[in-house]
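Trainee: This is what each chain is made of:
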Amino acid sequence: MLPGSIIDKPKSTVVNKTGGWRTFKPIVDSSKCIKCGICEKFCPEGIIDIDPEKGAIVDYDYCKGCGICANECPVKAITMELERK
Amino acid sequence: MVMVKKIMEGSHAVAEAVKLCRPDVLAMYPITPSTHIPERLSEMVNDGELDAKLIRVEAEFSAISAIAGASAAGSRVFTATSSQGLALMHEVLYAASGMRLPLVMVVANRALSAPINIWNDWQDAISERENGWIQIFVENVQEALDSTIQAFRIAEDERSYTPVAVNMDGFYLTHVYEPVDIPDEKDVREFLPPLNYKYKLDPERPLTHGPFAYPKPYAEVRKMQFDAFHSLIPIVKEVHDEFAKKFGRSYGNGVIEEYKNDRPITIITMGSVAGTVKEFVDSRDDVGLVRVRLYRPFPKEEIIRAIEGKENVIVVEKDVAMGSGSGALMLDLKDAMFEMKDRPKLNNVIGGIGGTDITRKDLENAINALKDKDNKVIWAGV
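Going down the list, the sequences are from chains H and G.
Sequential numbering of the first sequence, starting at 1, is according to our numbering.
Sequential numbering of the second sequence, starting at 1, is according to our numbering.
Chain H extracted, bound-state conformation (with noise of 0.2 Å):
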């Protein structure tokens, strides 16, 4: 660790999942996508990636459910469901 707990190496938080602290769950219907990357470019965790073949898919390990993507789809194919653990 650094003094004054500076981090100088890129993706220290990959380690915690925070996918943990999610209450509605991101859930992308393929055959509605039409893979216009919209989702991936507003996910403030960066962690949706678009699919040639399948679309959107998002990363659960770290999506905290805030629901950006499902607001911003121009065709609705996300919809966000209670998260069952």
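It cannot be assumed that every hint is accurate.
Here are the computed lysine-lysine pairs in the DSSO-like style, where the Cα-Cα straight-line distance is at most 30 Å [as the list claims (entries may be wrong)]: (1) K200/G - K9/H; (2) K245/G - K9/H; (3) K237/G - K310/G; (4) K260/G - K11/H; (5) K198/G - K9/H; (6) K223/G - K246/G; (7) K200/G - K41/H; (8) K11/H - K223/G.
Honestly, the hints are just simulated from the structure, not real lab data.
Based on these hints, arrange chain G on the given structure of chain H.
Mentor: For chain G alone, kept in the frame of chain H given last:
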């Protein structure tokens, strides 16, 4: 070595010192009695004497936040404040020292409300004694100027990376005119090289300042700071000694100053009242002085050495540690004395509160009270 002697107001001498140190960013919110420092520095920037970015802020919280941010970006920074202004900075003072940012501030010491009072005592600085800033208390205008230059060196030393507050008594030092030696710009440039902050925010080499920390890493960072803080005393001395060699002026050993301290009674104090005490000491043959120059980190070992074998010690201070039954300097001294085999008798004078005078009579009363069996806390000027 070129020196120019000038008659100068304390605040203007500090501004002159800051100018010589070539800061990149200034952010100050004027508050009595520190006002003349930002006033003079603003003039210097306006007149093109000082090439620095001056950020106009709406309060002290913004002032300290602005320079903390600028410091993280690798700038040499400065601010000045007093009393309620310092209290308003409180939250960011901890953040800055925890992030190990090399900030420099001059505090023109003033009483805290209530009742509202603009005059000098040390309650503002004393109330910040656990915030992880180095605190220096100066005796006169020349020392305020010299200590401001030293403060940048201490803060910016890679072994330190700790913010420094230079405390000067409000009005007694900020508004007094004294002859001062203004060091030559070239000499200051040699003494204080350009800042090369190792952890500056830089798009070419991204890093994170002030992240969230879970309990264990938080505790680890606090311990790192705790350990580093106590190792700062030799750095303060080293910078002081190097300054003395280059500019020909010294203040005791850099952390304490002893004056005729070979006598049975020792008065311990800080700041400008040491001048009054020196005159008192000169008028008698039973009293000497130990002036604490470095208040944080507290130089315990130096002070124990200075009072070893003494029968009587009187602590004169301009603050109270509410609830402890004494002043805060007294608490530090009692803590230091725990390690001593034969402890001296210890009286405490709380004086100069809210700008009251500390007189020869007050000091005489404290000496007469040494005859009593119990240790006493004497309020002067009340």
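Trainee: Now look at each hint and say whether the structure bears it out.
Mentor: Consistency of the hints with the structure:
This hinted pair checks out: K200/G and K9/H have alpha carbons roughly 14 Å apart, not beyond 30 Å. Taken as a hint, the K245/G and K9/H pair is broken in the structure, with Cα atoms around 41 Å apart against an allowance of 30 Å. Between K237/G and K310/G the CA atoms are separated by roughly 25 Å; this keeps the pair inside 30 Å, and the hint holds. For the proposed pair K260/G and K11/H, the alpha carbon gap of about 60 Å is over 30 Å, so the pair is violated.
For the hint linking K198/G to K9/H, the alpha-carbon distance of about 14 Å falls within 30 Å, and the restraint holds. Pair hint K223/G plus K246/G does not hold up; C-alpha atoms about 35 Å apart against a cutoff of 30 Å. Between K200/G and K41/H the alpha-carbon distance is near 29 Å, which keeps this suggested pair within the 30 Å criterion. For the hint pairing K11/H with K223/G, the CA-to-CA distance comes to about 24 Å; that is within 30 Å, so the pair holds.
The earlier numbered hints that this structure contradicts are 2, 4, 6.
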